[in-house]
Structures are given as C-alpha cells and as structure tokens.
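> Listed here are the chains, written in short residue letters.
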Amino acid sequence: MRCKTHLIQNTFRNSIQIVNDNTTQSDKPILKVRDLRTSFKTGRGTVTAVDGVSFDLYPGETLGVVGESGCGKTVTNKSIIRLLPNRVTIYDPGSVVDYRGTNLLGLTESQMRAIRGNEIGMIFQEPMTALNPVFTIGWQIEEALQYHTDLNASQRRARAIEMLRLVEMPNPEKRIDEYPHQLSGGMRQRVVIAIALCCEPDILIADEPTTALDVTIQSQILRLMDGLKEKTGTAIILITHDLGVVAQACDRVIVMYAGQIVEMAPVRQLFHNPKHPYTKALLDSMPKPGRSGHQKRLPAIEGTVPSLFDLPDGCRFADRCQHRRDKCEASLPELVTIGEGTQESKARCFYPIGDAQAVGEAS
Amino acid sequence: MSEIANEIVNAELVEEKVLVRVENAVKHFPKRGGLFNRVIAKVHALNDVSFTIKKGQTLGVVGESGCGKSTLGKVVIRLHELTSGKVTFDGVDISTMSNSQLRPIRQRMQMIFQDPNSSLNPRMTVETTIKEVIRLHNVVPESEIDAHVDQLLQKVGLRVDDKTKYPHEFSGGQKQRIGIARALAVNPEFIIADEPVSALDVSIQAQVLNLMMDLKEELGLTLLFVSHDLKVIDHFCDSMLVMYLGNIVEEMPCDDIHANAKHPYTRALLSCNPITDPDQRGELTILEGEVPSPYHPPAGCPFVTRCPLKTTKCETENPPLLDRGNGHRVACWEVE
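As given, the protein sequences belong to chains D and Z, one line each in that order. Position one of the first sequence corresponds to residue 1 (the working numbering), numbered consecutively onward. Position one of the second sequence corresponds to residue 1001 (the working numbering), numbered consecutively onward.
Think of the hints as simulated: they come from the structure by calculation, not from any bench. All values derive from a computational prediction rather than experimental measurement. Any given hint might turn out to be false.
BS3-like mimics (lysine-lysine), calculated; alpha carbons at most 27 angstroms apart, straight line [as the list claims (entries may be wrong)]:
1) D:Lys288 x Z:Lys1216
2) D:Lys327 x D:Lys288
3) Z:Lys1054 x Z:Lys1262
4) D:Lys174 x D:Lys231
5) Z:Lys1054 x D:Lys288
6) Z:Lys1031 x Z:Lys1086
7) Z:Lys1310 x Z:Lys1054
8) D:Lys78 x D:Lys28
9) Z:Lys1262 x D:Lys288
Facing chain D, from chain Z, some residues (calculated, C-beta under 7 angstroms) [to be verified]:
10) Val1160
11) Ser1198
12) Ser1203
13) Cys1272
Stretches of chain D that chain Z covers, calculated by requiring three or more beta carbons in the stretch to come under 8 angstroms of a beta carbon on chain Z [to be verified]:
14) 218–232
15) 235–245
16) 277–286
17) 330–338
Here a beta-carbon is modelled for each residue, glycine too, at the ideal position from N, C-alpha and C.
Just need the whole structure built from these sequences, with the hints factored in.
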C-alpha cells in the first residue's frame, strides 16, 4: 500500500498541482481491464454476467458505462474492486484487472482492502443506504482517513471539514457533527463523494450517483464531480442507465448489452455517429425536447434483453435488431475498430451503421 | 337576443367538455408528536391549486420530489381527502361524496402506479388481479369475463397464456403492462398515471409510452400524467402543469416549451434536464440550493430561495397564477 500521508499533509491545492503535472494528458492508462469474465453460481447453474470485457481507463477522464438493467455494468465495476460475494463469484483465470502493474483479481482480501477507498474510491446509488445512520458524517469521513492514513485525530477532523467544503457543503464546521437523516438527498450524496475522495484516490467508481436525485440536484452533483476531477486529476468511471447523464458528464462511453461491450467511443462520436444498432436504437428511443410533431410514436426497441441463462449463439442483440441478417444469428461478432483518430469507435457488429447513412441523417 | 342565446349554448358546450375541475385544492398532512400526540407541524402538500382537464386531453404534471405532484393525482381520485377545495368530475362534485356514492364514479377513473413490483399482489395471478376489479364493478357478466380478460391482455401486448402466471414471472415492462390492463379492465374514461415509466429502462419506457399513446387514441381516454421527467411529459402530453413546493408555478401547452416557458423554475428545469447532445453542455444554468422544507415554506413566492430573478416583493407576496392567453398561466412577479 502506498502511503499517501505526505500528499494529504500538503495543502490540498499543492497536491492537486502534483497530481495534475504528472497525470493529465498522460497516454498511459491507469487501469487496464482485459477479457474480464465474471460468473455467478446460482441455483439454476452458472451464469456469466460479464463476458469478455476489455477497456482502458486514462487519468483525468470520465468514462461512462451505459446500458439497461442486467447488462453487467455494475458487475463489471464491482469486479474491478472485488466487491462481489466470494462464495458465489467466479472470475475467469484469464481475466486481468491491471492497476499500476498489479492484477487486482489476484490480490488477497487484506491487500484489496488497502486499495479500496484509498486508491480506488466508490460512490453508490442510494446515499441513504451508503451512509451509516448511527454515526455522524464527520465520523464516517474520518473512519476512511484513520484506516488509510497516519493523520492524528485533530488533523483528520480538519481534513474532514476541508473535504466537506470541497464538495460545497454549506456550513461544514456545523454539518460535520450531524447525522445522515438530518441531511437532504443531495447533501448525503455530497458526503458520500467526500468519503470517496478524502484519500485522493486515482480512480473513482460512481455507480448511478444521481439516479436517486432530482434533476436540479443531479446537475449540481454532476458539475461538482466534474470540478473535482479537474482539480484532482482523478479518473472517473460513471455507471448510468441515463444517456442524458452520459451526454452531460462523460468523455468516453462504453455501451453494454447482455454482459458484453457492444460499442466504445468518444462521447461526441457516440451521440453523433453511433455504429452499433443498439446504441442508435437507444438514442432514438429517448424522448427529446423539441421533437417536431407531438404525440409521435417513439422508435422503441421491441422485445426484451435475452436471459443470461439462455443466450443466443450469434449476436446477442440480433433478435431485436432491425438490420439483422443471417450471419448475425449464426456467429457472435467481435469488437472491431472503425474509423481513426477522434472518429474512432469500437463496435461489436458485422454490419455497423455506415458513415454515409449517418451523414444522410444529419443533413 | 339570439346571439346571447348562442353564447350561452357555446358556454355550455365548452363547460361540457371539461371532465375534471379542481378548484382551490389545499392539502395539508399533519405531523404529530410531542405530548398527547398533537399536531406539531403541517406539510403543505398542495397550496390553493386550480386547474381543469378537458375531455380527451392529456395533462402532464411535472416537478421534483416533494412538490405535491403525486398528492395532486391522489386527491383527484380521492385516495387522499382534501383539506379544503373542490374536485368536480364530469360536472359532479366528488370531494364530499361518501365511499358508496363514489364507487360508480371510481369505475370511470382509474390509476396506474409507478412501481409495478409493489402495485401488483405477488400472490395473485394476472387473471385473478384483473378479474377482481371486473367483478367489483360488474363490468361484464360472469360468462364473458374470460373473454374480456383475454382481450385486455392482447390490447396491452401480453400473450393470452400469460394470464395464469404470477407477477414475478414478468419483466418490469411487462408488469407495467399488467398494471395498465388492470386500469383498463373497467372501461374508464379518465386515467391517472403516476410516474408510469420511471421505474423502466429507456427502451422499455418507449414501448410503454407508445402503448399508452395507442390506447389513449383508441379508447379516447383523458389522462393526468404525473412525472418528474420533463422530456417524457413534453413528448406525451398536450399541456402541462409545473409544480414547485405545492404550488402550480406555470401551466402551458406542450407545443414549444423551450420558446414559451416563462417561469424561472421551468426555465431552470428545462436547462437541468439531462441533455440529449454532448454539444449542449455549455448551456446549462444550474439552480443553487435545494427545495425548502414543506413544513416551513417561504412566506412569499415558494421559489424565492433559489430564484435568480427575485426582488423584495417576491419575499413577502406569493404571485398569483395569471392567465397569459392560449392556456398559458404563470405565477411570477417578474414575468410580464
């Protein structure tokens, strides 16, 4: 475990500077996930929830992971921090989660504990259940500092107040002694973010951080996370089902479907030039303000996601895809690179949506 | 003389078209505590709310949690009793009716709930669930019940052999379809949909919205559609009410809400709503602060604590909901 005390004892601004100089614009990924395959033992047999997911996370970027419920986006990220129940979870021996040269999947539980919260922070969906109702929020921030740093009690308290100020909590000196039930949903989520960031993690995994919040509060929290990322250089993995949140907050996006990545692209490319029919269908099925002609039917994706117990041999999206051909049902397409530079996307499709078609629609 | 008579007839015709009229609705929820369990505070859930829904119209209600939008839906169908005010359904005042008087009217108004997991009884098959309402209201004779159920299931896009299944055997979208089938079982004219698609994934959300749109046209339904999602309301409804802290702050047709929205809260909601294009990122105006406690709403305008346009007048006087023509009403001192 790297000792981070020296960083924390500096003023926060100085440490920001250090991190920024070293990491922003770096081409070296901080996290490399290779062929991640996570299965669960269930009463009905083994089910593979994440099937061959590979991606890189670069310092200072926000990577969105988007998909419908059950597509494996949460399991992917819980596999990275190994928060899945040991008894029923099987990681494929070939899977690698490379963080700074270490395969996290090979670490022991106590080695892992030194990384969780310290090197990799987490924000969960429901801020009420993520906080312990019987301790003050100050205690809960200090708990992480006590475990991961050498700070003494008064330094920890000062640091906790500093963190609350950083997440724009009004009146932090007073609020630090309050209990979670005394705070609103938005304020609780700020506390959870403060806990996740107090040890200055390199990676922040945010699992639906704004789903339980109102839209005006959601905008505040997304702006806050973006500001903190700028200041600290933390890389963020943002898991969400909401393409609107992706459009607002992410730099690159992974679209998942039935346990696999179906498309990976920079955010503008994904929204303006989607390659996979599923991505395009998802974008089309969003109700958009200002859509001409009210009461128009939404282009819905018919059918439902296939059961993970009974996956088709071919493309997993084939039975709902409008562009399906015989080949799609016969064999599973690979994730292939299309285009180059800023236009580069990866899509798991034999017949990715062509540039000509996309251009035709834009005009 | 005949002109006057004509006007009266016209006025009556217009009057006839209104299906639901809510007048000065006030709803307080008491908070009890202290010695002798007295009322120590009141949640001001609805504060002098008035609006009408015309026959065949779809009215959306949008707002953040705690703004009173679900309470509004529930007082219309009288799942909550009003503290004061009046609800008229098809010309009849239902706010003072007894339960037995209400029953025939309840058949004409039905509700679709947000969470299909908790609104369906897990121990009842689809068939039992739907038949229960049909029998309660004597919609069709016993001999025709099975055919009626089959027809309903087909109408909402479920298979007929699904009727012997239990709710847990269905996906979220299918469960919501069962909820819709149950609401339609008694041939209602008016449906209150309380966040019907909020618990569903985007692709399923579109399916259910399309289904509701088709059924609405086919059956000529009138709808009150409650949602926190401005995009859904804008897409689905003819006009909408924007609520904030128990007050209607704006009512407007959903024709071009981006151009027409006047109230600063509506404008903020529009801008805060997750964008659909990453190129729009810079245009956000983000509201500071949070919704005040409904136990102690501000004295003047409810939005005064977060409003970018506020003046001293706003802190003392609550602006009235003034008609600006074309069915557009705004409650703001600063809007001309």
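> Kindly indicate which numbered hints from before are broken by the structure, ordering the numbers from low to high.
Hints 2, 7, 10, 11, 17 not satisfied by this model.
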